[in-house]
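J.: Single-letter residue listing:
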Amino acid sequence: MPSTKLLILGALAIGAISVTSPATATAVPDSITLNQNGKLYQPFSFDHAQHILLIKECSDCHHHTTGTLVLDPNCARCHQNSSPTAVVSCKGCHSSTPFSPETLAEKRAHKERFHQDKMGLKGAMHENCIGCHKKMGTGPAGCQDCHPRNAKGDAFYSADRKGAKPAHAKEH
Amino acid sequence: MKRRNFLKACLIGGTTVALGKTNKGWASGSFEGYPEAMGVLVDTTRCVGCRSCEAACNKEQSLPEPDTSFDDKSVFEEPRRPTAKAYTVVNEYEKKSPGGPVYRKMQCNHCNEPACLTSCFVNAYTKTKEGAVIYNSKVCVGCRNCMIACPFNVPGYDYDSVTNPVIKKCILCYDTRLKVGKPPACVEICPQEALTFGHRADLIKLAHERIRANPDRYYDHVYGEKEVGGTSWLYLSRTEFDKIGFDTTLNNEPIISNVKDFLGMVPMVLSIWPALFSGIHLLSKHDTQQEHGHDTESTQEDR
Numbered sequence: 002m003p004s005t006k007l008l009i010l011g012a013l014a015i016g017a018i019s020v021t022s023p024a025t026a027t028a029v030p031d032s033i034t035l036n037q038n039g040k041l042y043q044p045f046s047f048d049h050a051q052h053i054l055l056i057k058e059c060s061d062c063h064h065h066t067t068g069t070l071v072l073d074p075n076c077a078r079c080h081q082n083s084s085p086t087a088v089v090s091c092k093g094c095h096s097s098t099p100f101s102p103e104t105l106a107e108k109r110a111h112k113e114r115f116h117q118d119k120m121g122l123k124g125a126m127h128e129n130c131i132g133c134h135k136k137m138g139t140g141p142a143g144c145q146d147c148h149p150r151n152a153k154g155d156a157f158y159s160a161d162r163k164g165a166k167p168a169h170a171k172e173h
Numbered sequence: 176m177k178r179r180n181f182l183k184a185c186l187i188g189g190t191t192v193a194l195g196k197t198n199k200g201w202a203s204g205s206f207e208g209y210p211e212a213m214g215v216l217v218d219t220t221r222c223v224g225c226r227s228c229e230a231a232c233n234k235e236q237s238l239p240e241p242d243t244s245f246d247d248k249s250v251f252e253e254p255r256r257p258t259a260k261a262y263t264v265v266n267e268y269e270k271k272s273p274g275g276p277v278y279r280k281m282q283c284n285h286c287n288e289p290a291c292l293t294s295c296f297v298n299a300y301t302k303t304k305e306g307a308v309i310y311n312s313k314v315c316v317g318c319r320n321c322m323i324a325c326p327f328n329v330p331g332y333d334y335d336s337v338t339n340p341v342i343k344k345c346i347l348c349y350d351t352r353l354k355v356g357k358p359p360a361c362v363e364i365c366p367q368e369a370l371t372f373g374h375r376a377d378l379i380k381l382a383h384e385r386i387r388a389n390p391d392r393y394y395d396h397v398y399g400e401k402e403v404g405g406t407s408w409l410y411l412s413r414t415e416f417d418k419i420g421f422d423t424t425l426n427n428e429p430i431i432s433n434v435k436d437f438l439g440m441v442p443m444v445l446s447i448w449p450a451l452f453s454g455i456h457l458l459s460k461h462d463t464q465q466e467h468g469h470d471t472e473s474t475q476e477d478r
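Chains as they are written, first to last, in my numbering: chain A, 2 to 173; chain X, 176 to 478.
Check each hint, because a few of them may be wrong.
Stated by the list, open to error - When the alpha-carbon atoms are kept at most 30 Å apart in a straight line, the in silico BS3-like pairs for lysine-lysine are as follows: (1) 112(A) to 248(X); (2) 40(A) to 92(A); (3) 357(X) to 112(A); (4) 40(A) to 166(A); (5) 435(X) to 119(A); (6) 40(A) to 435(X).
What the hints assert, rightly or not - Simulated coverage check for chain X against chain A, where a stretch passes if three residues somewhere in it have a Cβ under 8 Å from a Cβ of chain A: (7) 215-226; (8) 356-366.
Everything labelled a hint here was simulated from the structure, so no lab data went into it. What you are looking at is a predicted structure, and each value in this text was computed from that prediction instead of being measured. Beta carbons are placed, not taken as given, at the ideal position from N, Cα and C, and that holds for glycine.
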């Protein structure tokens, strides 16, 4: 009898794990579509799972927000034991409109804030991705290596003009 | 009589010189820039030389199609300067440096006390309270004094029209963006946030804070904070600024200071001197007439 009880308990436990594991999987996405509202470049899929495998330290990209150990000594001064934040995604902290009148006014109203020089969403992502890719000597670093340009983008960069005239045509 | 007149003239002359000196004193008060002026902080350590700012500027200002596409990196072979067809250009420096090349965006720096504005005798230039140095092509006569006066070689001249010559340069997107509080097109497009838009006073603090927090990343100087009396565009660099194409021989005094004393004299010379000298002339003429015509009277007076 006790063995059957144990079996049931064991089965329940396994069931509980199998229920919780998909829950954690949804919390940590395997892939994220970036540049969703891109006007000049196409949206693309970011392989989050691969980066977790490669980097391991969440704080390398997510700073202090995930509750894992913060390694940067400067950040650790305040965030040594800080708990995970409600929003972990980049856009939770980095504004997509860092220089709008509203953001600038809000910044001026909170001059006591330590993170005065927080980058905008676009800047933060590019610097984080390209910065690390260059440092590691691996991963895409060119504009179209991540997000191919769309037709509007081609027109914006006057792509059809490439080599139309020598680049150093003398100006007066 | 002659001696008395000479003394009189000396006295008046002396007063005028003294007045001239006071004029100088009034004129040399310096302008620190409008308190609410905006600006852009360029962190050259972040720039990757993508030239997106050039493309954005071209579209925003409806400039002619470029000679080559904006993703053509061959333009970096030779240093360029802003022209009437491209208000901003990115140049590449330190090409063989172990830390990789350094890119630097060039455009009008929007001086607090612009030399172009000082040099313009038809007042085509205005420094707006938002910090932009804008230009009115309707009054411009095409003398090109501003091109010579600019310490940064910025204004470009449009030769295409003989009848309507115009100077063209970056206006900080004043008409379309800055006026309504929006950042310039180049700032908005920059993928690396190498360009930070904000109040000039805040940006100066931000720049020094970046240097303090990362002393290994930056050379300890904010270019444009003090140069030629301060500019709306400010720069941070990894190396000495002269290595990435900046003129480090520029004085902290605004260019206008070189001519302020002289210009301060102009109204004085124009208003007082004609009256003064015609007065002296009339006096001496009057005396000669007196000496000739009323000899007896004057002898009596002298007694």
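J.: Given the hinted pair residue 435(X) and residue 119(A), is their alpha-carbon gap at most 30 Å?
T.: violated (42 Å)
J.: Hinted pair, alpha-carbon criterion (30 Å max): residue 40(A), residue 166(A). Please report holds or violated.
T.: holds (28 Å)
J.: What's the verdict on residue 40(A) and residue 92(A), does the C-alpha distance respect the 30 Å limit or exceed it?
T.: holds (18 Å)
J.: Holds or violated: are the alpha carbons of residue 40(A) and residue 435(X) at most 30 Å from each other?
T.: Roughly 50 Å separates the two Cα atoms, so the pair is violated.
J.: Hey, residue 357(X) versus residue 112(A), does the alpha-carbon distance stay inside 30 Å?
T.: holds (21 Å)
J.: Is the Cα-Cα distance between residue 112(A) and residue 248(X) 30 Å or less?
T.: Between residue 112(A) and residue 248(X) the Cα gap is close to 41 Å, so the pair fails against 30 Å, i.e. violated.
J.: Given that the stretch 356-366 of chain X was listed as covered by chain A, double-check it with a C-beta distance under 8 Å for 3 or more residues.
T.: holds (count 7)
J.: Counting residues of the stretch 215-226 of chain X that have a beta-carbon nearer than 8 Å to any beta-carbon of chain A, does the count reach 3?
T.: It holds, with 3 qualifying residues against the three required.
Violated hints, listed in ascending order, are 1, 5, 6; each of the other numbered hints is respected by the structure.
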